[in-house]
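**Student:** So the chains spell out like this:
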Amino acid sequence: MFHDTADEDLMVMYQKGEVRAFEVLLSRHRKPVYNFILRFVGDRETAEDLLQEAFMRVIKGAEAYKRQAKFTTWLYTIARNLCVDQTRRRKHRKHASLDAPMDAGEESGSLMDVIPGNEMASDRKSVNKQLHEQMQRAIAALSEEQREVFLMREFLDMPFKQIADVVGVPENTVKSRMRYALEKLRLELDEYKDLAKAAP
Amino acid sequence: MTDDKPWLSLPDEDPPERGLAELMAAARSKAELMARPPWWKRALDLMKRPPVLALATVVVLLGGVIVVGRHRDEVQDARPVVQPVVQPEPAMGAGSAAELAPVAPPAIEKAEEHAPPPPPPPKPARHHAPVTKTSPAKAAAVKQKATLDTSDRKAALDSSDEALELAPATGATPAGVKQPVTKKPVVLDDALARCRAAAANNDCAGARACAKDVETRDPAYYNANVATDPTLRPCL
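Residue numbers (this note's numbering), protein chains in the order written: chain A, 1 to 200; chain B, 1 to 236.
Isolated chain B (complex conformation) (with noise of 0.2 Å):
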């Protein structure tokens, strides 16, 4: 032993052997319980181990990612499919503007149907840019307001602006090709002031005309705008 800890000479004694035999007794049976613990304790303990927290993560990540995957294939299967557009035949006196502008869809055209009118384009259409213009007659009178210089250009915009509201209300294009019918409040009411002006000018016959033509389209504007219209009244 070490001059500096002489207490490390100090022997350990044996511990006697009794009660060990009861002390194994006891550790048995004690073992014997803790071998069969209830079937919730160990599916508690099962879910402590952190492997079993790590597999759970993972199992709730991969559901999530399959539901939300799933989610977005509904709302792709409900949005309408964009069918394949026919080429309609070219208008009859609009043959070239026709020709270049592709129709689209039957659903985008619905939603232009609530947007306001884009205004008239300054630049006449490129060939190969992507109108969305759906009649041919609309292109013709597209190109045909771009092509004419500015002292003209107050009459064509009439002019095309008849182009634009006959065109639905015919119901069909020239080729046959089925197209929505549109009704444009604003349209209606440059009908309604193109009726005032000639009620104005005692065209009363041109008013009538043109009266009846806005009731065609939409007789409840009608009723509402043109047949209360204390301008158009003397004409009706």
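Just chain A, with the same shape it has in the complex (with noise of 0.2 Å):
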């Protein structure tokens, strides 16, 4: 029913009573939010809390939304702060590993063993793991500012201008982050390349 509708017209039928445009919304980028989440993070669990917060804080302000603003742009605003909120609040902690158990419950994994793996052969696989597991060290690698400003761009296809607008910093300065990461990342990810080139 709502499903060819814009997000913004989503969230004023939903400011209007309607439930079913908010269940709309939820379905459509809680899956992308999660994921930007997790990559900033780093954590499976914090990731979820976040998550969940993101969208509690979406319904609470959705009185003052206004029609004139990307829904998207609100979101992942409150999305990022959240992140950089939860970074700065244990920045004084050891950075855990991405080798390192997620859960320390479960009969958990690194973050590269929950990476669904397609049926493929176990050397492609191997090499695609590390390759996997390389990519997430460098951008966990990455500056938060770097880091940010490569999720959106990369992983969410947004556009400069609306990555200034969530981050709050001038486009080019958006444009200037974007460079330095994608520098360090093909310097860290360099020696893979061949790596990945002859894998079979």
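Each hint should be verified, as a subset may be incorrect.
[What the hints assert, rightly or not] Below, simulated BS3-like cross-link-like pairs (lysine-lysine); rule was C-alpha separation at most 25 Å, straight line:
1) A:161 - B:5
2) B:5 - A:125
3) A:184 - B:5
4) A:129 - B:5
5) A:16 - B:48
6) A:60 - B:41
7) B:41 - A:70
To be clear, the hints were calculated from the coordinates, so they are not data collected in a lab.
Join the two chains into one complex using the hints; note that each chain is given alone, in its own frame.
**Tutor:** Pasting the structure below:
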């Protein structure tokens, strides 16, 4: 029913009391927001909590939402602020390794293990696993400012202007951060290029 | 995936279902709250919308036009109605001139009372020119003035002034059309000058008659100017 409706219109409908509109928004954005948060904070449990908190804030602030504002800008501003607050809160702690167990209790593995793999040759799978692992490390090694810009640009396909609105800096600053992030990542992942190519 | 951007090969993870029900419950309760805002907030929101603002502007403009239009109508209603003028019978001795001069409405005449008398027209009155002179006697005098040559002009002016003075003094035109009594200080001044001239020429009878005429027209003027005049006093 509402699946072709724009986010902003759905939000206006929700403001008028249409719960189904919010359901559509939730189903549309829950996954990308979750992955954004997960890649930002690098921790699944924290990502779940922050995802819940982000949508709670959307519900609470729904009345104040203005139709002129882009919904995703608003949503990712909330998510990004939560991530920044979270990383600052635990800054004093030692940053957990991506290889470290994610959850203390369950039969957890590393972040790489939760990435679903396709049915493929074990060699190829192994190479991909190494590559993914290295990529996660490289992304986590980016500065917070570079990482948020990189994640929004590369994984969410956001225009620079919108990223600038979310982050709250000029567009040129966003572009500059993106350039440094890419340079750093390419440097980190350079040696794995040959490995990826060589894999059967 | 592209070689340029190997990180795009990183797969997305599905978020857990945990917390979803709680989220939806919160969304429902909030929706109920939002669906029924207080009446004043709804009214305020309605007024903020551009179409409502545009409508309000149009209503205000239309209201302004109606108010201004009514005011104009009232002003027009308050104005004296110009009544059809009854063409007076030609005055005795001034027949042709009276025929040519239409009678102006009383309102215009009244306005003329306070205006200084126009200088004597240098040209004879044209046949179809709009003449605002009211009485046929005046028109006759004007025509008479215009037709006289320069040498006779002074004497003619005297006689025409007399005609101008006498016509309103009678209070009625020869045809019986009621004319308002006019009191023109300038005319009275002229009469006073004539009285003085008569008194100066030892024509006390003429001066008295003249003074009586002024007294008849305007007793206040008489008391203020004629009775106290040192030239006239011996004759009165």
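**Student:** All the hints need checking, so say for each whether the structure fits it.
**Tutor:** How the hints compare with the structure:
| no. | hint | result |
| --- | --- | --- |
| 1 | A:161 - B:5 | 21 Å, holds |
| 2 | B:5 - A:125 | 19 Å, holds |
| 3 | A:184 - B:5 | 13 Å, holds |
| 4 | A:129 - B:5 | 16 Å, holds |
| 5 | A:16 - B:48 | 16 Å, holds |
| 6 | A:60 - B:41 | 18 Å, holds |
| 7 | B:41 - A:70 | 24 Å, holds |
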